[in-house]
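**Student:** Could you put together the complete structure from these sequences and hints?
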Amino acid sequence: AQSVTQLDSQVPVFEEAPVELRCNYSSSVSVYLFWYVQYPNQGLQLLLKYLSGSTLVKGINGFEAEFNKSQTSFHLRKPSVHISDTAEYFCAVSDQTLEGGKLIFGQGTELSVKP
Amino acid sequence: EAEVAQSPRYKITEKSQAVAFWCDPISGHATLYWYRQILGQGPELLVQFQDESVVDDSQLPKDRFSAERLKGVDSTLKIQPAELGDSAMYLCASNRVGNEQFFGPGTRLTVL
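So the protein lines, in turn, are chains A and B.
When we follow the numbering used here, the leftmost residue of the first sequence carries the number 1, and every step to the right adds one.
When we follow the numbering used here, the leftmost residue of the second sequence carries the number 1001, and every step to the right adds one.
In short, the hints are calculated from the structure, not lab data.
All residues carry an ideal CB built from backbone N, CA and C; glycine is no exception.
Everything hinted at is true.
Where chain B lies over chain A, by a calculated footprint (3+ residues, C-beta under 8 Å):
#1 35 to 49
#2 103 to 114
Label-pair distances were calculated between CB atoms; the ranges are:
#3 B:Ser1066 with A:Ser80: 44 to 52 Å
#4 B:Ser1007 with A:Pro40: 13 to 21 Å
#5 A:Thr72 with B:Pro1008: 38 to 46 Å
#6 B:Glu1083 with A:His82: 37 to 45 Å
Far from chain A, some chain B residues (derived; all Cβ distances over 12 Å):
#7 Trp1022
#8 Lys1062
#9 Ser1066
#10 Thr1076
#11 Pro1081
**Tutor:** Following this line, the structure appears as structure tokens:
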């Protein structure tokens, strides 16, 4: 079984500052890793994913994440945030099945960007 | 760009009533998921379909919830009777290969 822990429930940050949203996972099998963003009363949008290969993954809207297998972490970073980045961010894992496995989500991190 | 469609977007009902949600996945996506997201939490899987067959419904409260995908395309999730604790966002997702799931806009259910 897998589990995901997002270490910060809320992250306030000023506009144009860098930000890191932390995610640790636990699994007895190899996993795929994802970050999703959710705006109020909307569905989830994929920011980026790690399936294999390079441990540094670049996504949309200037976000990137680094997979660290030894620390079982997949932290999300952005060098300079905008007001429009204010949203809820979810880290998720799934096991490596060809058919597509269910996603196990963390509790979410609310990113609040202030002017 | 193809999207997952869900309806209704919002539903308000009284407890003990029946409610139903509809999802139309992206064309060609064989796998369909229903997730429930309680306010302030991450989504949790309720049921997973592969074509018309249920792959995982271990977290579906089967005494009141049912889900079907009769022709392996669109899907309906039903709650009967609704309880106060069912108030949540119900999200539908689909995928074809690999593990990138595409999510619909969700149905926000409020049970009074």
